[in-house]
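If you read the protein sequences in the order shown, they are chains A and B.
If you use my numbering, the first sequence corresponds to residues 1 to 574, in order.
If you use my numbering, the second sequence corresponds to residues 1 to 401, in order.
Calculated directly from the structure, the hints in this document are not laboratory data.
Incorrect hints may have been included.
With a cut-off of at most 25 Å between alpha-carbon atoms, the simulated SDA-like pairs for lysine to any residue come out as follows [stated by the list, open to error]:
1) A:112 - A:71
2) A:276 - A:488
3) A:15 - B:248
4) A:40 - B:30
5) B:356 - A:23
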Amino acid sequence: MSDKAPTTVSRFRLKVVTGAVVLASVILLWRAVDLHVFRKDFLQDQGDARYLREQPIAAHRGMITDRNGEPLAISTPVDSVWVQPKTFSTAYSEWPKVARLLDLDLQKMQRKVLQRKDREFVYLKRHITPALAQKVMDLKLPGISLQREYHRYYPAGEVTAHVIGFTNVDDKGQEGLELAYDNWLRGVPGRQRVLKDRLGRVVRHLEQLKKPESGKILQLSLDRRLQYLAYRELKRAVLRHKARSGSAVVLDVQTGEVLAMVNQPSYNPNDRGQFKSSHTRNRAVTDVFEPGSAIKPFTVVAALQSGRFRPGSMVDTAPGRFRLGRAVIHDVRNYGRINVATVLQKSSNVGASKIALALPVDALWKVNDRVGFGMSTGSGFPGEAGGLLSRSHRLREIERATLAYGYGLSVTPLQLARAYSVLASDGILRPVSFLRVSGPVAGRRVIRADIVKQVRRMLEMVVQPGGTGTRAQIAGYRVAGKTGTVKKATTGGYSEDRYIAVFAGIAPASQPRLAMVVTINEPRNGVYYGGEVAAPVFSRVMAGALRMLGVAPDESDNPGLQLAAFARPAGGRP
Amino acid sequence: MMQQASQAMPLGKARKTSRRSGREVFVFDRWLLLAVVSLAGLGLVMVASASTSIAERQTGDAFYYLWRQLIYLGIALALAAAAFAVPMAYWKKAGPGLMLLNVVLLLMVFIPGIGHEVNGSMRWVRLGAVNLQMSEFVKLFVILYLAGYLVRHAEAVQTSAGGFLRPLFVLVLLAVLLLLEPDYGAVAVMLMTAMGMMWLGGARLFQFLLLLLALSGALVLLILVSPYRMERLTGFLNPWADPFNSGFQLTQALIAFGRGEWFGVGLGASVQKLFYLPEAHTDFLFAVLAEELGLITATLVIALFLLLVLRALRIGRRAEQRQRPYSAYVAYGMGIWIGLQAFTNIGVNMGILPTKGLTLPLMSYGGSSLVAIFVAIALLLRVDYETRCNDRSGQQEAWAW
């Protein structure tokens with residue numbers, strides 16, 4: 001036995017060891033209580049400061065619908081990928097995978113992230129589909145996160161693009177009604193408290209601090225079907241006549257609502273890549289032109305108001321030329337002595353000028369001013385042009401004369417349509433609205449009703465055989481309207497080969513419901529008269545519109561009239 | 001000695017019913033076993049909970065560490081069973097050989113190709129698929145060697161300076177190798193355990209104080225020389241001074257305790273383990289436990305470790321009373337080692353000791369630690385078992401536990 005030594009460990013020494021073990025346990029216990037109970041507030045605050053974060057909750061932008069509730073702009077949920085550069089850099093070797101998934105240039109991505117290393121938030125790519133975003137997150141890289149956002153989608157695409165406009169990537173309105181009604185459409189983002197792990201990923205949604213408020217629905221006055229019809233017809237005309245651009249506006253004359261407003265060229269608002277100012281401009285509102293002969297009804301209104309003329313009053317237009325100082329005003333041919341109604345029907349520049357010069361100096365200006373030229377329509381459309389209308393008493397004679405047939409003032413297609421709606425509503429001027437209006441809209445009387453009715457009857461003659469706008473006829477309905485073929489102003493005078501073809505009209509003439517203006521800018525395919533180029537667009541769109549609105553025909557079917565419309569050779573005149 | 005070994009009952013008869021009392025003979029210390037099973041079970045649950053996020057991120061499999069820990073546990077139990085079957089006499093004889101093995105083990109760490117560096121420390125040896133942390137086995141073998149020495153040279157230890165210093169030279173050699181890795185935690189635990197055993201071996205008090213002084217001096221010198229140690233020390237004294245660099249790990253651990261409150265945030269609900277707290281499933285497992293299960297469970301774990309150590313000391317005391325000093329020293333040594341390592345780890349977690357890189361025995365993730373500790377437990381049980389057999393064959397006292 002080698003274990004021969006007696007008990008070597010004294011009880012005392014073992015007790016010291018036992019005591020030390022117990023003491024150590026007590027110290028640990030005391031410390032545990034200290035941390036768990038007495039210091040918990042401080043420690044929890046420290047913890048919260050490290051991983052509790054407030055985050056915005058994206059709010060849904062309000063939908064834009066047409067007057068019947070059909071969606072024209074809707075927000076769909078998408079994800080944006082963002083990174084914390086510093087944390088994200090720890091997974092540098094995985095970056096090519098991310099770049100491949102997101103279809104980014106790897107070098108550009110590297111530069112972008114590394115240059116912003118001191119920042120906390122850098123977008124890698126915005127607005128990708130949730131499915132793709134999930135693939136990126138499945139890589140499980142540090143410092144990469146998603147942000148829920150909403151992408152604006154426009155179901156009607158280029159058809160409604162100009163009126164509705166578009167939002168930017170931050171969901172803020174940039175153009176059109178998206179911009180005009182941004183406050184109404186925009187939601188108020190909410191806030192939430194989230195718990196993040198150290199890699200910056202949200203692991204728990206703790207509480208909602210503020211509920212996100214969705215934006216409100218915006219119901220427009222547009223009728224989607226009518227909008228499609230107008231767009232199709234305008235586009236066809238612009239293509240056929242190789243025109244530079246074109247616009248069409250349809251107004252409800254009883255409410256001032258814009259039922260359709262289209263332009264060419266257009267763009268696809270769902271593809272931000274192709275935005276060009278020349279395509280995105282809502283020309284019907286932002287671009288002005290000299291209205292030419294389309295202004296003549298208001299010259300006649302001024303004449304009738306003055307009491308110096310009646311519809312049957314004769315005006316001598318012979319010999320088809322009218323010299324005023326150095327300038328000469330031409331008609332297409334010599335109409336001789338004609339009455340006021342025929343001046344309109346034949347669109348005689350000489351007649352209009354002579355009428356204007358026979359009126360008080362301010363008469364023309366007054367009428368043009370009262371029907372809304374030279375000032376904004378009050379539609380609230382961003383970038384709306386007011387046009388130009390100078391007071392006549394400052395004008396020389398030649399200028400007053402040219403004003404009578406539509407030169408020396410500039411208007412937008414919308415302004416012209418609104419002025420024609422005054423002719424349609426027996427002399428009441430109403431504000432223009434892009435939003436659906438319910439109930440009757442109060443307006444302001446600007447022209448005596450009996451005068452308006454007389455002018456309307458004259459305008460019906462324009463589309464009847466012998467007039468310049470026969471191609472604006474619509475089977476079953478009486479149409480009143482006026483053609484215009486405008487020489488474009490260029491440097492140093494008026495061009496002899498660049499025109500704007502215009503047709504402005506109202507229907508049904510007996511009890512008008514709609515006013516419409518069609519402008520085709522620089523038709524370059526041989527014909528350029530308003531009655532040739534613009535009137536057919538008016539006819540087709542207006543016919544469809546009346547049917548869609550269920551407007552009763554006000555003319556028993558008159559095949560002779562129709563035949564005449566088609567049989568008549570191209571004979572439109574300015 | 002051979003006589004003593006032959007007195008040990010064959011294992012097969014261990015569960016035989018005692019004829020005298022009619023009670024079933026249970027060969028294990030039940031309280032010790034209770035502590036070990038509870039701690040290991042709780043440890044497994046916490047490793048699973050603390051490692052999921054890290055595992056998923058590193059490997060894609062949330063249970064990667066859990067599966068491995070289960071395999072380690074199986075290996076540890078098998079090796080523990082094998083160790084239990086070896087009579088204490090063999091261990092006593094093998095003592096000097098184990099000491100030599102220690103040196104070899106520690107040198108292996110520095111052999112290129114099998115030595116493996118993690119976080120700037122050469123602590124691991126790669127053997128096939130597994131990494132072994134040699135210091136865990138070194139601590140185990142040192143205790144077995146030192147117990148034998150204290151028995152063989154009992155008189156010298158108690159009376160002469162030479163008897164006291166001789167084993168220390170060997171330990172210093174190991175300590176130098178460990179410091180080269182560097183593994184300061186292992187050095188501290190090894191030396192403290194050795195000093196505890198020498199204390200119980202009867203080393204004279206003034207020698208002991210001198211040594212304590214010298215060791216403290218060396219430790220201070222070490223801290224001054226190595227800035228990395230210094231940083232860890234200041235970080236521990238006031239972690240909130242620099243909570244995002246040197247104090248980062250500790251402040252995160254402390255936050256875990258504060259969040260836990262009385263009953264914890266719930267199993268699996270820890271936030272600190274979500275990459276805020278480094279080494280959540282290894283060295284800082286206790287902090288995650290405190291966060292998820294609260295003060296109640298933290299207290300329970302400390303109490304279980306206390307129970308474990310007290311049972312180990314009691315087993316040693318009984319062996320000593322039965323004239324089995326070697327077994328007694330082994331039991332004391334194992335008890336002190338496990339206690340030291342557990343309390344140090346918990347102390348580090350709670351910010352009352354500098355960060356050392358020590359695992360929590362029985363609980364932390366890690367195969368080497370698990371195997372070494374389970375073998376230590378097996379040796380404790382073996383000592384207990386031999387003592388009981390001795391009692392029974394001598395019929396000196398009734399069975400009790």
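Given the hint that residue 15 (chain A) pairs with residue 248 (chain B), does the C-alpha gap stay at or below 25 Å? violated (39 Å)
Is residue 276 (chain A) close enough to residue 488 (chain A), meaning Cα to Cα at most 25 Å? holds (24 Å)
For the pair supplied as a hint, residue 112 (chain A) and residue 71 (chain A), is the alpha-carbon distance within the 25 Å limit? violated (38 Å)
Hinted pair residue 356 (chain B) and residue 23 (chain A), Cα distance within 25 Å: holds (21 Å)
Given the hinted pair residue 40 (chain A) and residue 30 (chain B), is their Cα-Cα distance within 25 Å? Judged against 25 Å, a Cα distance of about 37 Å means the pair is violated.
The structure does not agree with the numbered hints 1, 3 and 4 stated previously, though it agrees with the rest.
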